[in-house]
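Chains as they are written, first to last, in my numbering: chain A, 2 to 786; chain B, 504 to 818; chain C, 22 to 190.
Simulated from the structure, these hints should not be mistaken for lab results.
A virtual CB, placed ideally from N, CA and C, is assigned to each residue, including glycine.
Just so you know, nobody snuck in bad clues.
The calculated label-pair distances, taken between Cβ atoms and stated as ranges, are:
(1) A:GLY40 / C:VAL31: 28 to 36 Å
(2) A:ALA81 / B:ARG550: 43 to 51 Å
(3) B:ARG757 / A:PRO68: 53 to 61 Å
(4) A:GLU586 / C:ASN33: 36 to 44 Å
(5) B:ARG757 / A:TYR164: 52 to 60 Å
(6) A:PRO445 / C:ASP138: 34 to 42 Å
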Amino acid sequence: MTLAQSRSYRVIGTRPVRHDGVDKVTGRAQYGADVRLPGMLYGCVVRSPYPHARLRAIDTSRAAAHPGVKAVITGADMPAIDTNAVADLGEGAIELKFASLLIMARDKVVFRGQPVAAVAAVSPQAAAEAARLVEVDYEPLPVVTDALAAMEPGSPRVHDDLYTVVPGGSRRDSPSNIALHVQYERGDVEAGFAGADVVVEREFRTAMVHQGYIEPQNATAAWEPGGRLTVWTSTQGAFSVRQQLSDLLQIPVGRIKVVPMEIGGGFGGKIQVYLEPLAALLSRKAGRPVKMWMSRAEVFTATGPGPATYIRLKMGVTRTGDLTAAAMRLVYDAGAFPGSPVGSACITGLSPYRIPHFRIDGFDVVTNKPRVQAYRAPGAPPAAFAVETVLDELAEAIGMDPIELRLRNAAAEGDRMTNGVAFNRIGFKEVLVAAKNHPHYRAPLPPGATGRGVAAGFWMNGRGTSTVHLTFNPDGTVNLIEGSTDIGGSRASLAMIVAEELGLDAHDVKPVVADTDSVGHTDVTGGSRVTYSTGVACHRAALDAIAQLKPRAAQLLDANPGDVEFGGGEFWVSSEPRRRIGIKEVIAKLGKTGGPIVARGVSRGLAMAPGFGVHIADVRVDPETGKVDVVRYTAVQDAGKAIHPTYVEGQLQGGAAQGVGLALFEEYVFEDGILRNPSFLDYRMPTALDLPMIDTVIVEVPASDGPYGVRGVGEVPIVPPAAAIANAIYRAAGVRLRQLPMTPENVWRALAGRDAALPSTPKAAPDAAMAATKERRAEPPGTSG
Amino acid sequence: MDPFDYAAPSSLDEAIRLLAEADGAARPLAGGTDLIPQLSEGRRRARLVVDVKNIPELRQLRFHPAEGLTIGAAVTCAELAESPVVRQLYPAVADACSLIGSVLIQHRASLGGNLANAAPSADGVPPLIVHRAAVRIAGPDGVREMPVEDVCVGPGMTALAPGELIVAFRISPPPEATSSCYVRFTPRQEMDIAVAGAAAAVTVDPSTGLCRTAVIALSAVAPTPVRAPEAEAYLAGKPLTDPHLEAAARLAVRSAQPISDVRASADYRRHLVTVVTRRALLGARNRLAADGRHGTSPGAAGPKEGLSGVAEGGR
Amino acid sequence: MSRKVAVEAVINGAPQAFVCEPRQTLLEVLREGLGLTGTKEGCGNGNCGACCVLLDGRPVPSCLVLAVEAAGRDILTVEGLAEGELHPLQQAFLEHGALQCGICTPGFLIAAKALLDKNPQPAEQEARAWLAGNLCRCTGYDKIIRAVLDAAGRLRSVDPNPKEEAHPA
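Isolated chain A, as found in the complex (with noise of 0.2 Å):
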């Protein structure tokens, strides 16, 4: 269904104010953590201090008694899940049973901050102090932080009904800590290496890093007397959470309503329900509303960070940059309970390119550390660090450019990504193309210890279903009703696809946001699906509205519904083009013409539209401190087709920005599994300071499904900072970095374990100073990191 690209555009590609933009400037809008309801009583949740422990008893008659509680639940207030089923949370997945103990324990704590009982109380303050009368008998277990301490078979083990899956399905018939193994194999893998000139191997750490969303994670229940629940939440998607909810607290779905709030970033973040099943059970107990929200120290323990991962890759190249073969071994972290994305991760790293030899060995592994969460591009920054900056010593080494290297070996449409799947029509070597020729990779370096890196980024990108509803209203205006969660400007761009279908102003629609029972099923804002897949059901409802309208124009005109025709706003005569009539004018005398009407439109089974992105970051590297600091950065993307660049631009500038977060400063920083650094102040985000502006260059290769050929933009731009960045190091200081964060104290010590001082004039990126070598250059893991 893709028109031709001659198609001119009214609206897509323009820059109007977002729709929500004056009540988000003014305080106006209403957030989760904005709600006020009568008689509202707070809730605040009591957090095990031991990162494994035994829960032999839990009194909560102190916490009870204090002046102000109105409820106490623990563990004993959750229903049991028996079952084995799975919650599909949209990005990511987790088995109900273990969903269940995340938001409450019950037996045994499996990380710091796991929630074992919540109070109500009349205010903030009541509910803090009860929350601290709660005694809980603890007996502390061995534990386990790292995720290759948990694979041998003698570490503490995080569960004990925890059976392997192994390729094929099967489940081990031993408890482990090891949830999954998942493997991709294609062609010989020694074969593959024999025939290169060039192979290395090398080994990379990435540290668990948060989403860092501004808002913290925030719910309000109200349990009303005949059953029926309310929830007010800050979420990526209210379907979701209702059917969390009802799979959680066993009440039917028809019985929840859940009210989307404005939510203040969430990166993947806020799928997984934490507060709403405890403030739905507090306000059962109490018979009263119950707001909750977490303190930022909080959202840090307890919430769903990205893993922490470790992977080995060994690549190879023949002397000409055809690349022969891969074996990469992946390493995720999940956290508490099992579920990384370490399946994504297997997926992503590798398939930009043609590689006809490889073998993935991916490990889903459980620590007593907080359950990890989808974090934009799940599973991917780790393995494209490890991809992108081994094909950069690649190119070094056979003298190649990097993007040349990139280019030579980029899939295109119809070559098979790891899993098999083949790609429709993705625009990769577009984007290498626009990223060789932009005047920031062949400016000069700025002077100094500098130095510029290139990589690329890959992510599939997300379809999932939409539903939206359109009503009309006198004036000629329309209702937009749909169900996406806007988290960054997604109102604007759907209006726009409105409005460019029927020839009106985007501010002519205005888009609402509507809770679960006022608009069909939606999936989840994440995967960067919102402006495709919701975009294709705003078109669909349009053409319905269309549809509808022509005949109600039919009778305005005169003429036969079978001879009008629609275009740039108007309905005419198609034998009298004359005789036309606005559709603002057609929308106004609906009431006229037979009355209200309503427009739907769904989208589900699109076919995909793969992202991709490639980074172009200079650097500058303290040689005393080892600080590093990007001084220009260039973001480069296939969008599809940018509706509002606006905000295409944004996306890129932000995932850019939380990717240098990654890159450089933030990490988890554990002790014994207590988390040292949960505070914005320890855990670095880059501030205004800490980062240049950011330039975009949006390309557009219309994706294969879909009326304008649009492609979610969200994810990809998180992928590459982290090995454009490493890659710009090695060029400034003549080190390469496997580890991330690539804070000052890592860089420093990789100079001080250098043999000599910095080179005297750094080497620039399409530098292609070493010769092409013959010999192999199988380092042994670990060596040079």
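Fit chains B and C to the given chain A structure using the hints.
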């Protein structure tokens, strides 16, 4: 946060009385940037919080050519960073005040609070030490004065007796041909805690250009802010050339007893002592040089340029 | 529970009386007590800037101010920024797309207003330094900084005699 009562006395006597009556259960509140998080996280407790910002002595900021500078304990860092006299005569103090926390924090935080909190990483203390500041302390037994250098006795611990309150800092006018600089290293440019920091004040003999005295104090590399006496002694009588500054910076490491923690290893901190000390000395020297008369202008201090992560203040 | 205290302050230009416990922060009273929920809580300990308000014209994190300290003071929150029409900063944020999720926006607007009140012509690095206490996780700051610099230009063109630059950098 546990409940507490609040008082905002308008006189020093009243404040001292309130603090004394609470028998150790009262906490003075200036900017609250340390105290309020400590109370809300349960790291400190108080039955009474005494807001000292209405007390004139704690809010004064005045300079007298003969007596020098008086900084009330509750004067905000933002006020100090903006003060022309502080910027000119005590530039290391202005440096620190424009680095602590963020601009928002600087509009609340005070040097009195910074000293009373006694964090080893306190940015505000080394500059006071190198300017040989004295602190005036009021308590039930009257007013006493002591060198700022002697106040911190351990992490979070001071020489203040129960019920005592920091009233003001007093800094003599700097000798002719003196300048100073504070430099710290942080992974982020701002919103961060010093991994290592150094303040340096140098006085040269205007006729010879040789160093008369150098005072160096380090932050975040010992249980308290510490002087670097060997480095100071080395520089006395020498020209402030790059090699001498480097040699002094290397000697400064001998005064550091860093620990490894979540922010850095002891090794790295030890290494950074040399870097920040040299850069602080360079900064002070360059400020002197920027003023042709070897006078007391803060001079040019392109603070962030080329000193990545090692920020001087003075924007 | 400690004694409650009656406080009178001027909030967004209007006298306002409220009763609070001494341990309540200004942030909590603004949000939960007075319904001024435009001021956001991101961290509760002064590290993110989402709760920035002007206290007697000075930008401060309201999570580090006790509500009782507001007695007799003048407070500006994001709700008071627009006077009839949007403030040029608000307009510039909209036109530049300087917000995505919008949770940090009120804090940025207030902190940026304090900057422009003090320095009507900030350089890019000055704006970045001033706003380094305000975290944004969505935008990478690019469009925020552009919007602030653009708003500075608009304010200057509105007012032919801008305030003296209080503080030459």
